[in-house]
Amino acid sequence: MMSSSDAAAKPWPVNAWYVACTPDEIEGKPLGRQICGERIVFFRGPDGKAAAVEDFCPHRGAPLSLGFMREGALVCGYHGLAMGCDGEALDMPGQRVKGFPPIRAFAVIERYGFIWVWPGNREDADPAKLHHLEWAESDEWAYGGGLYHIQCDYRLMIDNLMDLTHETYVHASSIGQKEIDEAPVHTRVVGDEIHTMRHMENIKAPPFWRMALRGAGLPEDADVDRWQVCRFSLPSHVMIEVGVALAGRGGYDAAKEDKASSIVVDFITPETETSHWYFWGMARQFGIDDAALTDTIREGQAKIFGEDLDMLEQQQANMLRYPERRLLKLNIDAGGVRSRMMIDRALEMERA
Amino acid sequence: MMSSSDAAAKPWPVNAWYVACTPDEIEGKPLGRQICGERIVFFRGPDGKAAAVEDFCPHRGAPLSLGFMREGALVCGYHGLAMGCDGEALDMPGQRVKGFPPIRAFAVIERYGFIWVWPGNREDADPAKLHHLEWAESDEWAYGGGLYHIQCDYRLMIDNLMDLTHETYVHASSIGQKEIDEAPVHTRVVGDEIHTMRHMENIKAPPFWRMALRGAGLPEDADVDRWQVCRFSLPSHVMIEVGVALAGRGGYDAAKEDKASSIVVDFITPETETSHWYFWGMARQFGIDDAALTDTIREGQAKIFGEDLDMLEQQQANMLRYPERRLLKLNIDAGGVRSRMMIDRALEMERA
Amino acid sequence: MMSSSDAAAKPWPVNAWYVACTPDEIEGKPLGRQICGERIVFFRGPDGKAAAVEDFCPHRGAPLSLGFMREGALVCGYHGLAMGCDGEALDMPGQRVKGFPPIRAFAVIERYGFIWVWPGNREDADPAKLHHLEWAESDEWAYGGGLYHIQCDYRLMIDNLMDLTHETYVHASSIGQKEIDEAPVHTRVVGDEIHTMRHMENIKAPPFWRMALRGAGLPEDADVDRWQVCRFSLPSHVMIEVGVALAGRGGYDAAKEDKASSIVVDFITPETETSHWYFWGMARQFGIDDAALTDTIREGQAKIFGEDLDMLEQQQANMLRYPERRLLKLNIDAGGVRSRMMIDRALEMERA
Numbered sequence: 134m135m136s137s138s139d140a141a142a143k144p145w146p147v148n149a150w151y152v153a154c155t156p157d158e159i160e161g162k163p164l165g166r167q168i169c170g171e172r173i174v175f176f177r178g179p180d181g182k183a184a185a186v187e188d189f190c191p192h193r194g195a196p197l198s199l200g201f202m203r204e205g206a207l208v209c210g211y212h213g214l215a216m217g218c219d220g221e222a223l224d225m226p227g228q229r230v231k232g233f234p235p236i237r238a239f240a241v242i243e244r245y246g247f248i249w250v251w252p253g254n255r256e257d258a259d260p261a262k263l264h265h266l267e268w269a270e271s272d273e274w275a276y277g278g279g280l281y282h283i284q285c286d287y288r289l290m291i292d293n294l295m296d297l298t299h300e301t302y303v304h305a306s307s308i309g310q311k312e313i314d315e316a317p318v319h320t321r322v323v324g325d326e327i328h329t330m331r332h333m334e335n336i337k338a339p340p341f342w343r344m345a346l347r348g349a350g351l352p353e354d355a356d357v358d359r360w361q362v363c364r365f366s367l368p369s370h371v372m373i374e375v376g377v378a379l380a381g382r383g384g385y386d387a388a389k390e391d392k393a394s395s396i397v398v399d400f401i402t403p404e405t406e407t408s409h410w411y412f413w414g415m416a417r418q419f420g421i422d423d424a425a426l427t428d429t430i431r432e433g434q435a436k437i438f439g440e441d442l443d444m445l446e447q448q449q450a451n452m453l454r455y456p457e458r459r460l461l462k463l464n465i466d467a468g469g470v471r472s473r474m475m476i477d478r479a480l481e482m483e484r485a
Numbered sequence: 134m135m136s137s138s139d140a141a142a143k144p145w146p147v148n149a150w151y152v153a154c155t156p157d158e159i160e161g162k163p164l165g166r167q168i169c170g171e172r173i174v175f176f177r178g179p180d181g182k183a184a185a186v187e188d189f190c191p192h193r194g195a196p197l198s199l200g201f202m203r204e205g206a207l208v209c210g211y212h213g214l215a216m217g218c219d220g221e222a223l224d225m226p227g228q229r230v231k232g233f234p235p236i237r238a239f240a241v242i243e244r245y246g247f248i249w250v251w252p253g254n255r256e257d258a259d260p261a262k263l264h265h266l267e268w269a270e271s272d273e274w275a276y277g278g279g280l281y282h283i284q285c286d287y288r289l290m291i292d293n294l295m296d297l298t299h300e301t302y303v304h305a306s307s308i309g310q311k312e313i314d315e316a317p318v319h320t321r322v323v324g325d326e327i328h329t330m331r332h333m334e335n336i337k338a339p340p341f342w343r344m345a346l347r348g349a350g351l352p353e354d355a356d357v358d359r360w361q362v363c364r365f366s367l368p369s370h371v372m373i374e375v376g377v378a379l380a381g382r383g384g385y386d387a388a389k390e391d392k393a394s395s396i397v398v399d400f401i402t403p404e405t406e407t408s409h410w411y412f413w414g415m416a417r418q419f420g421i422d423d424a425a426l427t428d429t430i431r432e433g434q435a436k437i438f439g440e441d442l443d444m445l446e447q448q449q450a451n452m453l454r455y456p457e458r459r460l461l462k463l464n465i466d467a468g469g470v471r472s473r474m475m476i477d478r479a480l481e482m483e484r485a
Numbered sequence: 134m135m136s137s138s139d140a141a142a143k144p145w146p147v148n149a150w151y152v153a154c155t156p157d158e159i160e161g162k163p164l165g166r167q168i169c170g171e172r173i174v175f176f177r178g179p180d181g182k183a184a185a186v187e188d189f190c191p192h193r194g195a196p197l198s199l200g201f202m203r204e205g206a207l208v209c210g211y212h213g214l215a216m217g218c219d220g221e222a223l224d225m226p227g228q229r230v231k232g233f234p235p236i237r238a239f240a241v242i243e244r245y246g247f248i249w250v251w252p253g254n255r256e257d258a259d260p261a262k263l264h265h266l267e268w269a270e271s272d273e274w275a276y277g278g279g280l281y282h283i284q285c286d287y288r289l290m291i292d293n294l295m296d297l298t299h300e301t302y303v304h305a306s307s308i309g310q311k312e313i314d315e316a317p318v319h320t321r322v323v324g325d326e327i328h329t330m331r332h333m334e335n336i337k338a339p340p341f342w343r344m345a346l347r348g349a350g351l352p353e354d355a356d357v358d359r360w361q362v363c364r365f366s367l368p369s370h371v372m373i374e375v376g377v378a379l380a381g382r383g384g385y386d387a388a389k390e391d392k393a394s395s396i397v398v399d400f401i402t403p404e405t406e407t408s409h410w411y412f413w414g415m416a417r418q419f420g421i422d423d424a425a426l427t428d429t430i431r432e433g434q435a436k437i438f439g440e441d442l443d444m445l446e447q448q449q450a451n452m453l454r455y456p457e458r459r460l461l462k463l464n465i466d467a468g469g470v471r472s473r474m475m476i477d478r479a480l481e482m483e484r485a
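Note that the protein sequences, when read in sequence, are chains X, D and V. Residue numbers for the first sequence follow my numbering, beginning at 134 and rising by one. Residue numbers for the second sequence follow my numbering, beginning at 134 and rising by one. Residue numbers for the third sequence follow my numbering, beginning at 134 and rising by one.
Hints in this document: simulated from the structure, not taken from any laboratory. Bear in mind that the values here come from a model prediction, so they are computed numbers and not experimental data. Check before you lean on any hint, since a few could be wrong.
Which copy is meant is left open, so a pair is good if it fits within one copy or across any two.
[As the list claims (entries may be wrong)] No more than 20 Å apart at the CA atoms, straight line, and that leaves these computed lysine to aspartate or glutamate pairs for DMTMM-like: (1) 182 <-> 158; (2) 162 <-> 270; (3) 311 <-> 259; (4) 162 <-> 180; (5) 462 <-> 221; (6) 182 <-> 267; (7) 462 <-> 224; (8) 311 <-> 204; (9) 262 <-> 481; (10) 311 <-> 457; (11) 311 <-> 224; (12) 162 <-> 443; (13) 311 <-> 219; (14) 162 <-> 483; (15) 162 <-> 440; (16) 143 <-> 404.
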């Protein structure tokens, strides 16, 4: 359990936007969710706008998330205190609530199909710090995704996504293939992002990409060029440009009709020091009107990320057993290592 | 885990009678149950009288509650040590048990359909301190009840029962109704009890009370007067006089044939600092020969108290997350606040 | 969780051979198992020989036991590091592994149908210290057994097996009988073993031994002489010679055709301070070609040892609740008491 007093020692920046939930999760009812160590309840206020306050009724300490919505007020399910979007009690049967102590409210933005929360002080929340996500706004992209709750430090997930050599082993039957291991990896800082990338030429597509080639109307058994460009940005987003193009047509830069490409979308939201919420999905530019394809891809991703889940949770458990051990930082780990350095700098700035 | 050495700091009086179990729970076999932090095994001795000793075999530490009864002796199921009602070993195959260290015995009384235990020193146990329960002895009452194990401080259950405004929210579909919230509540000390009460006039009965009106041979859709009189007494009993009478016939004081009234019986026995045994039931003066009605009421209560259970356990979990928070003490909370003051005074007296 | 630094304070000798697993458990795949506080992965190396190393990949800390075998190398399932039998990384795609820090390797022997591990320093491992088990090598014996994971200190299991009076209570319906209690027990040191024994004459066989008499082609309702000779040896093995002979034919020393005798085999491998792996079985000299009898006996033992399991786990839980209590050491406990003294001396020698 954490209390806010020792927040400074937590391994996540708090002055940043994290994905908290999707709109369907607060449809007509509140949602309780722990984010960056804070117990928060999310709901829609009277104007329909998403709101977030501490999940703690100032009357008797019941979780407000057990309550219900009444005309945009969050009503405690124990004794009926009605809570507003700013953490001030609105009313309560038979009571004057003016003197009630407020609870903490959190800054929230709804954009790109997600509810985003700023776990730091509400006054410091800066909407301009929310990334622009082109794929979420453009008609030329289709998106599908899901959510996993994973029992490991959110940074182990960043490491995982910034070193895709694990695909060969963890995802051998879907997206893994021997050529990933063998292709050199390049890592560099690009503006406020870390990029780590791999290019493979004249290979056969593994099962997931055969499915994608079919979805894009291309021959699934053709020779292809394949690429992976992993892009980390603060606080903990990893966008991975992935795709295959018919061999020799320019790979990553091939014309749209010669490739199946997409962005693996990963929003990684810390819950506690050893658990996180993993919002995963795929944004694609092929077959964008094909809802069945969206479902097929979602199912494929759900299975693939389920494979990561087991490995990551057991890695976390093992690291807790050997707290004194130092892990290796190989060239393939550079993406994760640099991403963590960027997080550490953000933490230092928050502490200063 | 608690040890007896720090018992002084525990939040429950030990020199008092708590309900430990019902007779059926020690029918032909021992019962292990933790009460006020003590692991205790209950059984019937050679004279048929209920007895209680520590649930710890002095031979090898096995729980005696895993054993069996043999002619009024509690025989350890591991190596056959026979334990007596006073904590002295009676015999053991091939052993002289005279020098065996005794284990602690607890004072026990069987009365009113319950086995009561005194967790403090056996020598201090005072049968006169056991409350008189008229409904449990009189032919004019029928009783049915049950037992729940709840993961919260027993005092949160006292708060719950001494402020019935929660019925409107937690029990909206059975006994809750808006008029409870709106009726003023009065709290006062009456002898060694705390009373907190509400009266509602000219209202419609909610579903549970419609069922009771039918059971009492009264029209279920009549206008009624409704009352709730919650009575707390040490160490942690809450008797709630509840009922509905045909409107204008005197309410609480109406003639027997014009009302359906009963006592909600609540014996709240601490297990640990954050868990308790909740013996709930209802004693009624209508349809007392109707066994099917007893079952119907028991099922209704079981469902209603199951709703409290979830809320209370989550309230407890939330309070453990925010240990530094102080909760509000509103007028509606006066019953619980005063009951806790009475408990605190009893604790101070025990420490003095 | 334990770290190797405080291994000196652990309640088990580490310079000894413990049963780690059976060959089928490492058939074509690695097996992760915690033994004497150490997380170890067992597998077969390139020569088919059993091997054991820490269950911790030096690259990113994933458990190696989640990986797979490739030509005798244990390949990490996360990023493909291949680990050798000596704890040195063999190779990894795209990496030079020479400078990788080694992990700890453990000495292992496969013999008698078990894989044995030496949790202490590999250099100190002494194959000569492995006991000779005649029944495991001779054609005149048949063996069947199983494995239980039990949540108690391994020494409580030793106590259990070195005092069979518990059979009368815990195993009343199979091997228990009143005469066990009543027969005197003798305990003595025999070389580097502790022996504790009982002989019963002219009794009726209990159900398990009736089945064994039938299996041996003898009348199940005959009067018999019965014996139990429990033999403890370091670090934590208990071999129990048990049997029944037709009454008056010499008991333990009766001719083979007049008795049904066997050895209850117990290898007790500590996992943590409060849990262990219990490899149990029975080696017998009757009906040795009767595979169905082996299955029947295994099922019977599985049920019997399942009864111990529950008692032992609850005994452990009770002792943790009363850490300050001292248990009795009666004459019937002498076998366990002396076995523990032998363990304590071994621990002192290791510390010196």
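Find the hints from earlier in the document that the structure breaks and name them by number, from lowest to highest.
2, 3, 6, 10, 13 and 14
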